[in-house]
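From first to last, the protein sequence lines stand for chains W and V. Under this note's numbering, the first sequence has 131 at position 131, and the numbering climbs by one with no breaks. Under this note's numbering, the second sequence has 1194 at position 194, and the numbering climbs by one with no breaks.
A couple of the hints might just be wrong.
Derived CB-CB ranges, DEER-like [as the list claims (entries may be wrong)]:
#  : chain 1 : residue 1 : chain 2 : residue 2 : range
1  : W       : ALA382    : V       : HIS1385   : 51 to 59 Å
2  : W       : GLU244    : V       : ASP1238   : 43 to 51 Å
3  : W       : GLU244    : V       : HIS1385   : 44 to 52 Å
4  : W       : LEU287    : V       : ARG1419   : 35 to 43 Å
5  : W       : GLY351    : V       : ARG1416   : 55 to 63 Å
6  : W       : LYS198    : V       : ASP1238   : 48 to 56 Å
7  : W       : ARG349    : V       : ALA1189   : 47 to 55 Å
8  : W       : ARG416    : V       : ARG1419   : 48 to 56 Å
9  : W       : VAL420    : V       : SER1336   : 48 to 56 Å
10 : V       : GLU1244   : W       : GLU258    : 37 to 45 Å
11 : W       : ALA305    : V       : ARG1419   : 44 to 52 Å
12 : V       : PRO1195   : W       : ASN260    : 40 to 48 Å
These are computed hints drawn from the structure, not numbers from a lab. If you're wondering where the values come from, they're calculated on a predicted model, not measured in any experiment. All C-beta atoms in this analysis are idealised placements derived from N, C-alpha and C, irrespective of residue type, glycine included.
Protein chains: 2
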Amino acid sequence: MSGVVDRLSLWYDYYARPSHLLALAAHFLSGPRTRTFMTLGLLGIERPFFLRRVSATVPSALLLETSMASFAHASGTENLSPASIETTDEVVLTGDRPTGPLHLGHLAGSLLRRVELQRRFAQHVLVADLQALTDNAGRPSHVSEHVIEVIADYLAVGIDPYLTTISLQSELPALAELTVLYLNLVTVARLERNPTVKAEIETRGFARDIPAGFFCYPVSQAADITGFRGTLVPVGEDQLPMIEQSNEIVRRINRLAERNVLPESKAILSAAPRLPGADGRKASKSLKNVISLSASPDEIRAFVASMYTDPAHNRASDPGNVDGNVVFAYLDAFDSRTDEITELKSRYRRGGLGDVAVKARLVDVLETVVAPIREQRTRLIADRHYLRQVLREGTLRARAVTSSVLNDVRSAFALRPRRVSRRRMSLGFSE
Amino acid sequence: MSGVVDRLSLWYDYYARPSHLLALAAHFLSGPRTRTFMTLGLLGIERPFFLRRVSATVPSALLLETSMASFAHASGTENLSPASIETTDEVVLTGDRPTGPLHLGHLAGSLLRRVELQRRFAQHVLVADLQALTDNAGRPSHVSEHVIEVIADYLAVGIDPYLTTISLQSELPALAELTVLYLNLVTVARLERNPTVKAEIETRGFARDIPAGFFCYPVSQAADITGFRGTLVPVGEDQLPMIEQSNEIVRRINRLAERNVLPESKAILSAAPRLPGADGRKASKSLKNVISLSASPDEIRAFVASMYTDPAHNRASDPGNVDGNVVFAYLDAFDSRTDEITELKSRYRRGGLGDVAVKARLVDVLETVVAPIREQRTRLIADRHYLRQVLREGTLRARAVTSSVLNDVRSAFALRPRRVSRRRMSLGFSE
Chain W
1 MSGVVDRLSL WYDYYARPSH LLALAAHFLS GPRTRTFMTL GLLGIERPFF
51 LRRVSATVPS ALLLETSMAS FAHASGTENL SPASIETTDE VVLTGDRPTG
101 PLHLGHLAGS LLRRVELQRR FAQHVLVADL QALTDNAGRP SHVSEHVIEV
151 IADYLAVGID PYLTTISLQS ELPALAELTV LYLNLVTVAR LERNPTVKAE
201 IETRGFARDI PAGFFCYPVS QAADITGFRG TLVPVGEDQL PMIEQSNEIV
251 RRINRLAERN VLPESKAILS AAPRLPGADG RKASKSLKNV ISLSASPDEI
301 RAFVASMYTD PAHNRASDPG NVDGNVVFAY LDAFDSRTDE ITELKSRYRR
351 GGLGDVAVKA RLVDVLETVV APIREQRTRL IADRHYLRQV LREGTLRARA
401 VTSSVLNDVR SAFALRPRRV SRRRMSLGFS E
Chain V
1001 MSGVVDRLSL WYDYYARPSH LLALAAHFLS GPRTRTFMTL GLLGIERPFF
1051 LRRVSATVPS ALLLETSMAS FAHASGTENL SPASIETTDE VVLTGDRPTG
1101 PLHLGHLAGS LLRRVELQRR FAQHVLVADL QALTDNAGRP SHVSEHVIEV
1151 IADYLAVGID PYLTTISLQS ELPALAELTV LYLNLVTVAR LERNPTVKAE
1201 IETRGFARDI PAGFFCYPVS QAADITGFRG TLVPVGEDQL PMIEQSNEIV
1251 RRINRLAERN VLPESKAILS AAPRLPGADG RKASKSLKNV ISLSASPDEI
1301 RAFVASMYTD PAHNRASDPG NVDGNVVFAY LDAFDSRTDE ITELKSRYRR
1351 GGLGDVAVKA RLVDVLETVV APIREQRTRL IADRHYLRQV LREGTLRARA
1401 VTSSVLNDVR SAFALRPRRV SRRRMSLGFS E
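Bound-form chain W, shown alone:
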């Protein structure tokens, strides 16, 4: 529950509807707690005093009710049960490399989960522009241009900047300092054994020309996870070695410090399989087999038309294969009428259902999913000032958290803590 007043004022600035303020305040008071110790810049007072006073005077049942109504109104997600609102010490960390607008694979694979997680836990989302530079150093503007696009994607799908702290990696110097400190705790041999690094080296065809930054990427990721005191990290199975590497560093730091300065983190594994690209290969912007979250109806039609199905399924009457069929993979991900999908699949397998019919259904489904995101995104991208403001507020909060973690880690290395500034610090990206 970081910076309630910051959030209120931001909300007020943007929506300019004072009548929402009380409901919103109630909403945040019932929300998840983070361990940030932010000052409430606007009032010039510290969070604990303010919150304790307010929560003591408002009955909690009322709070919860008001909060639900306000949340449903604000972000259009009506079907959250009050039971899903918990107070917990867990901190969720996720992030994206801003190398282009996000696509439907991101939506199914991680974005929707974040929208759900933000209601239950403190959540940080890191726009990992420095990490994107590890294999884009030759074209850095490709990275910087996409930062604001990614923020627009986040907000358009329902990530709520009042529940989720969105920050920019290159504006968090503490993460670079943590990386440099952690590099002393990991051997070269250990990095060479990291299966994720091994696999990525093969995929990207670096051979011996791996940039050192890419090679050290598990260490930088450990800095990200621990820098936010992340305890829950939603990942794919292939990313588990990254969490293990991070926890090894955590244990080493805690041994050095002779107390638990950092928490270990756990993976949240996704049940859903990863969505393929239209051609059936791995979904990837560079392979041009994905579709953005703000695709037009025409783009959706073209995307679905290009989808790989079953090459042996020439006529509608032929029996067809559902496994590896991209159209069904997308229906599984986005069509909530699961009974009908099961029925469609068996008809397709038997023969008698043409690709044209299944694709037409998928076009409708995707249009239903994309239309509200497209609409929100168009509105958001027209107000870049607001998007920068969201990133700025989140990054300032993230600076406070990461600087305090850096102090703890510095103490393990017998380096003295620095004072964590209460003033608003200068950021590179604000005007």
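Let chain W serve as the given structure and place chain V on it in line with the hints.
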């Protein structure tokens, strides 16, 4: 000419002799220029205005004369010629790993040269505590404890905090950020080929257990050199590959930025050979074959007595070997009566000069060298507040320089510059 008023006030604080202030002001006005754009914190005004006004009203010949007198008085080096005072854009960078008090090998190899260089160029000396952690991560307090000792050594040998900016690596976050950015520009294969890293890996017996931080050490060193816009780096021949690595990164950054944001650096090679340890092996604190700059007369005698000479030279009348003879190596380094040394060497070679006699001479010579340093150092170490103050002032100046370099490098990566704060920033090591 960074922060004239800072320096004056510091001087005033410590020596409390107001009559020196004018001479000192003149001294700094004729001294080397650095490119730091510091604010003069005490007056609250910016350097360019203040300096321009003052230099316009004082005749420059007078300035030079006063400055010489003041310098000779202040640090006891009477024999500098006015010709050695130059105005130049070169910036010298050197540094030490604070893993113990400095020893006589440091004095001969680098400290005396720095005392000379500070009169001719802007000079930065970096106390590289983070770099010392790359192979001391298991005992970090070993590093932090020695920081103040090293500052005392610097000042005791005549490094002048008004001419040389002394700063602490772990308090310069911009250096960590530069390291992380540069890691993207260097391949793993390139690091593996670095002869200095190769050699150090053998010397230290890391085999495959090299800490990644140590492996990436040339990149961190490039961050140090470029972070201060260093153009002259006094090094041994074995360190030349480090400069080459740094310059490769500089060229890469300048190509990315499409303008020269960073200068390349040149090595200043030492003519003097490296001093061996007492046992003839490489001088090293861990081998216990070195002697500190504040050694007592007894310690000097014991150190010289333990020196390796010529094992075949049993009696004074035997002919002896001068090459590889540690006593003569130290006489070459510290005895300025070179004619007498040449004569002694040929007598030793012929036979008729015993180890006892040569060692007695060396004891006298070392006592003459060490006595004033020991005296200064005892006085300085008793005033830790002043030593911390020196480090604090230097580190604040260094923060301004390194932050401005970071902004330039960020621009090459299409990252926006951050505002370089004019306020005094919080440091970890000040009370």
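Which hint numbers does the structure go against, in order from smallest to largest? Violated hints: 2, 6 and 8; rest satisfied.
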